[in-house]
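Enquirer: Residues per chain, in single letters:
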Amino acid sequence: MKKLALGLVSVITSMTLLAGCSTGSNSGVAANGGAEASSNGEKMKEVVISVRENTWGARKDNFLEAEKRVNEELKAENVQIKIDWWPGIGDDELILQAQANKVADVFINSSVDIGWQLNAGLIRDVDWVGTSDVFKNMPESYNNIMKYEDHYYGVIQDMDASPVFISRKALEGLGWTAAQIDELKARVDAGIFTFGELVDLADEAAKQKLVKIGFGVEDTRFEGWNYTFDNYNYSAEENKMVLSKNTEKVYEFWQDAKQRGVVTEGIAEIDTDKAAELFIKGELFAEFARTEFYQVMRTQLGMDEDLTGYEAWFKENAIWIPVPSVEQGGKPVSYSNPALVYVGAKVDDEKMPYVQKLIEHVLDADLQINHTLKSGKLPVTAAAQEDPRFQEMSFYKDHAYLIEFTKTRPAQMDYAVYMKSFTLGIDAILTKGQTAAQAFELFQKDVKQNVPADSLIVE
Amino acid sequence: MSTSIAKKLLVHTYMLLFTMPIIGMIIWYFLSATFNGTTGQFTLENFNFVKEPIEYAGVVLPAIWPIVLNTLVYSILIVIIEVGIAVPTAYAFSRLDFTGKLAAMKFLFLMRSFPGITLIIATFFILVQMNLVNTYIGVILVAITGSLPGRVYIMKGFFDEVPWDLEWAAMVDGCSRFRALMKVLVPYVLPGIGAISVFSFLGAYGEWFLFKLFIFDDNMLTLAGYLSRLVTKENVILNYGLITAIGLFYTIPLVVFYIFTQKVFLKINMGGAKQV
Amino acid sequence: MTLAKKPYKKPLAKKMYPYFFIMPFALLVLVFFILPAIATIMMSFTDLNASMKINFVGFDNFKRIFTDYSMPQILWNTVLFAVITLVFSLFFGLFISIATQYFLKGKLAAVIYRVLWLIPSIIPAVVYVTFWKYLFDPTGDGLINKVLHLFQPEGDPISWFTKIAMAIVIIATIVSTTSGGMILLSAAISSIPEDLYKAAKVDGASEKSVITKIILPSLKWPLMYITISDLIGFVSSYFFILLLTNGGPMRDTTTLSLYAYQQAFNLKYYGYGAALSLLVVLISLILTLWLLRLFDFDEMIKPSRIED
Chain A
30 MKKLALGLVS VITSMTLLAG CSTGSNSGVA ANGGAEASSN GEKMKEVVIS VRENTWGARK
90 DNFLEAEKRV NEELKAENVQ IKIDWWPGIG DDELILQAQA NKVADVFINS SVDIGWQLNA
150 GLIRDVDWVG TSDVFKNMPE SYNNIMKYED HYYGVIQDMD ASPVFISRKA LEGLGWTAAQ
210 IDELKARVDA GIFTFGELVD LADEAAKQKL VKIGFGVEDT RFEGWNYTFD NYNYSAEENK
270 MVLSKNTEKV YEFWQDAKQR GVVTEGIAEI DTDKAAELFI KGELFAEFAR TEFYQVMRTQ
330 LGMDEDLTGY EAWFKENAIW IPVPSVEQGG KPVSYSNPAL VYVGAKVDDE KMPYVQKLIE
390 HVLDADLQIN HTLKSGKLPV TAAAQEDPRF QEMSFYKDHA YLIEFTKTRP AQMDYAVYMK
450 SFTLGIDAIL TKGQTAAQAF ELFQKDVKQN VPADSLIVE
Chain B
426 MSTSIAKKLL VHTYMLLFTM PIIGMIIWYF LSATFNGTTG QFTLENFNFV KEPIEYAGVV
486 LPAIWPIVLN TLVYSILIVI IEVGIAVPTA YAFSRLDFTG KLAAMKFLFL MRSFPGITLI
546 IATFFILVQM NLVNTYIGVI LVAITGSLPG RVYIMKGFFD EVPWDLEWAA MVDGCSRFRA
606 LMKVLVPYVL PGIGAISVFS FLGAYGEWFL FKLFIFDDNM LTLAGYLSRL VTKENVILNY
666 GLITAIGLFY TIPLVVFYIF TQKVFLKINM GGAKQV
Chain C
77 MTLAKKPYKK PLAKKMYPYF FIMPFALLVL VFFILPAIAT IMMSFTDLNA SMKINFVGFD
137 NFKRIFTDYS MPQILWNTVL FAVITLVFSL FFGLFISIAT QYFLKGKLAA VIYRVLWLIP
197 SIIPAVVYVT FWKYLFDPTG DGLINKVLHL FQPEGDPISW FTKIAMAIVI IATIVSTTSG
257 GMILLSAAIS SIPEDLYKAA KVDGASEKSV ITKIILPSLK WPLMYITISD LIGFVSSYFF
317 ILLLTNGGPM RDTTTLSLYA YQQAFNLKYY GYGAALSLLV VLISLILTLW LLRLFDFDEM
377 IKPSRIED
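Residue numbers (my numbering), protein chains in the order written: chain A, 30 to 488; chain B, 426 to 701; chain C, 77 to 384.
FYI, nobody ran anything at the bench for these hints, they're computed from the structure.
Quick caveat, the model's predicted, so the values are computed rather than measured.
Virtual Cβ for every residue (Gly too), placed ideally from N, Cα, C.
Check each hint, because a few of them may be wrong.
[Stated by the list, open to error] Where chain A lies over chain C, by a calculated footprint (3+ residues, C-beta under 8 Å):
{"hint": "1", "segment": "125-136"}
{"hint": "2", "segment": "210-217"}
{"hint": "3", "segment": "235-246"}
{"hint": "4", "segment": "298-304"}
{"hint": "5", "segment": "319-326"}
[Stated by the list, open to error] In silico DSS-like links for lysine-lysine, alpha-carbon gap of 30 Å or less:
{"hint": "6", "chain 1": "A", "residue 1": "Lys238", "chain 2": "A", "residue 2": "Lys344"}
{"hint": "7", "chain 1": "C", "residue 1": "Lys139", "chain 2": "A", "residue 2": "Lys477"}
{"hint": "8", "chain 1": "C", "residue 1": "Lys222", "chain 2": "A", "residue 2": "Lys310"}
{"hint": "9", "chain 1": "B", "residue 1": "Lys432", "chain 2": "C", "residue 2": "Lys91"}
{"hint": "10", "chain 1": "A", "residue 1": "Lys241", "chain 2": "C", "residue 2": "Lys277"}
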């Protein structure tokens, strides 16, 4: 009997414990509650804005700083905002938590996520972006990134591009003079140096044992290669994925590169971190990654605190170019995967002005540069690029022009499954020794089966 | 005697051979947690998480000690609740006759065919309806439903072992079935309760998927859930040193726990050898 | 509690009595198993996706499963993965438990072996896979490639994850799951009375016949339990595969349950994912029923002997 009593007591204690744990979990869901006394004794209206994001780079610091700046401005109106910070989560959790009514007012995700997030009812339009001072004179590429079905749905938080990092030592080994190496970028920009020539160089360098591996790439689906082969896969007018013949050209490149040993069978296993290691050791001819790769190498070299040292190392060991055009006289390409700030579907028009103010201040020029310094991403606006701290960093400053023409992945809902079919073809070439034609055949079959028919145009 | 030594040597040889990868693995985990990959120097910086909250792939992970406390509270709660439910259920299956018993036992076995992941989305909606998402109660209820069938089976094995005379004697003395259970049987099946407690504890300690989906609040995570936060959205692991360091922090207490409780495992009897 | 003392019990109360014991469990099963199971079955008839709008599409998802050109390969992978993993982890489980509980019974070495084997199963999966990733790393940094390099300094590092992905996945799973069976089998062997061995020795029985005549027959129930639960576990497990290869290269290591997971979680096609996972359940159910028959399950459930 005693035991029973003891057991009961422990169960009851634990229940209270549990109840204690579960309270407060839903607190802070956006509400115009709470009140704070202002200096003149009047009650200030408080607007709580929930922000869901990880602390990556200076994102969190910037939001907190922006909160201060907004509040400074709002003092006159007798209103104050307050950020309720939630940690970032994966997409599955975003969807599920929305079902439990937990959607943050502001959150950050990739630009590719607009489509499904809209479909899942997670986000609302932010059409004020079109008229906001922050985005005055923005490059045309931004419209493509932020707009979906004629509305703005996200605000770019940071940018990147896809410079190709090439081993300077390997080029020297191939007998290139310093002048030849230094003018390579200009030749790429002018469309004189083509993608095919780059493949030949990598091949040559590997054959002469100057490097162990020709090309490394952040992901086998790497859009930079797709775009240079004009394989954009997407029709914005109809918001559908496009099954086009151009894909076969990309596969032909893969097949050729595989046969010549420019890419290795296990290329998919070499992630950016490992690629940085190989590049530092001089074992990799060229890495196709994005802006952050510069920062990844810097961290691996232990030079986070030493900009001049790193710039000297970089100058001695690496150069970068945009992804060259495949055709003589063509334009180089770049691919980016920018993060957008999204506004949760529950934010009403009454609250939106405050959310807008907050986001606009996050994009204050100095805060953007704080983020660049910490994350290795590019700032978004032209104003930020004029910041002296930005001008100091030659690598970022020099390749910021890529933003003008960089492309991003389409925000189409079924993009993920389409890309799964695409990489299936690449796997077939890499690991099964299939030809480009066979891979394309497989890709076609897979796309037709798995991409919902109402999201696909077959050319 | 010499043949017996030769035999033992042979057994050891095979066992060592089979166990080699595991020994190698353990050595690697220690090396990877304590050596800096680029400089090759010994360092304990990967263990900084015991002192302060750390940042990983942009996530500031919560401080570790409250997480340890959560883990203990959660695991012990699971043990208490699972034992509290498994013992009477196993008793009924072992000792009592009722309509549908055979069917119910088969059903228990077939329940295992439904992998947890299959039902997870539907379960989530049920928890939402019951207002139990983001609570420990929700996680606990779902977790124990999945693990109880196994516990009941083990426990039933122990009840099957108890001589009927014991229970008879108690009942002749005027005990009710329930009191007979509490007074006579429970002490007799204590090793079984020990065994399922250990299993429950291990299961609870390792639970991460339910935390990932049902718990929104990082401060409520347990160690296993904490670890699962280290895998990014694309299933990429970014910092091998850190993840193995936390892995060791997670695993070593468990190994010690197992060394002390392994005798309990040896008492498990799935209606086995001694069955008449 | 006072029921038993009353001279005349109501027959209904008596009948209901056992149900009180199983009530808490039954309630749990109803709310957190039967209800979600029904909901999942309903989901499989919808095209539920990220929008969470329920739209019934009849048997479309099931039709799609049967016309999916990759399905034969995926099913074959599932069989290959589950059967090979099961056979080896049962073999190792048996071997280790006989070695530690019969040959080395009571020795410290026995405990050490068992503890070592337990470690892979308690290491969290995300940490566990890092070792295998390192071992089979495709660059010259991987352990195996390093060793090979010693013998063949000229050879290129081998891309293990594209060449023998399935083998890696299977080995990693075996090493991690063997201990589950090991624990139960060790327990069963340790409960064999010493006298039996002694008697056999006196009769001059060989080690082989001790194992086949005394030990193995006593392992029927635990073996049944392990076979069934491991097999179902392997058919429905995907997590190691997800972390090690994510089903690749191509779909070479995609098992049915991983495919279901990818459809539901990576691609957000919940309806199709539900239909696929029901197929996993169906396969598990058939396997379970078949194995229960094979092991003569009904015999295991003894009738109660007290009639009160």
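Enquirer: Each of the hints needs a verdict: does it hold here or not?
Expert: Hints, one by one, checked against the model:
Coverage of the segment 125-136 of chain C by chain A holds in this model, with 4 residues showing a Cβ closer than 8 Å to a Cβ of that chain against a need of three. Residue count for the segment 210-217 of chain C with a Cβ under 8 Å from a Cβ of chain A: 5. That meets the three needed, and the coverage hint holds. Check result for the segment 235-246 of chain C against chain A: holds, 5 residues qualifying (beta carbon to beta carbon below 8 Å, three or more required). Figure legend: the segment 298-304 of chain C, annotated as covered by chain A; annotation inconsistent (0 residues with Cβ-Cβ distances under 8 Å, at least 3 required).
Note: the segment 319-326 of chain C has 3 residues with beta-carbon separation from chain A under 8 Å; the three-residue rule is met and the coverage holds. With a CA separation close to 22 Å, the supplied pair lysine 238 of chain A and lysine 344 of chain A stays within the 30 Å bound. For the hint linking lysine 139 of chain C to lysine 477 of chain A, the alpha-carbon distance of about 15 Å falls within 30 Å, and the restraint holds. Simply put, lysine 222 of chain C and lysine 310 of chain A have alpha-carbon atoms about 17 Å apart, close enough for the 30 Å limit, and the pair holds.
For the hint pairing lysine 432 of chain B with lysine 91 of chain C, the CA-to-CA distance comes to about 58 Å; that exceeds 30 Å, so the pair is violated. The straight-line distance between the Cα atoms of lysine 241 of chain A and lysine 277 of chain C is roughly 63 Å, outside the 30 Å bound, and the hint therefore fails.
The structure shown violates the earlier hints numbered 4, 9 and 10.
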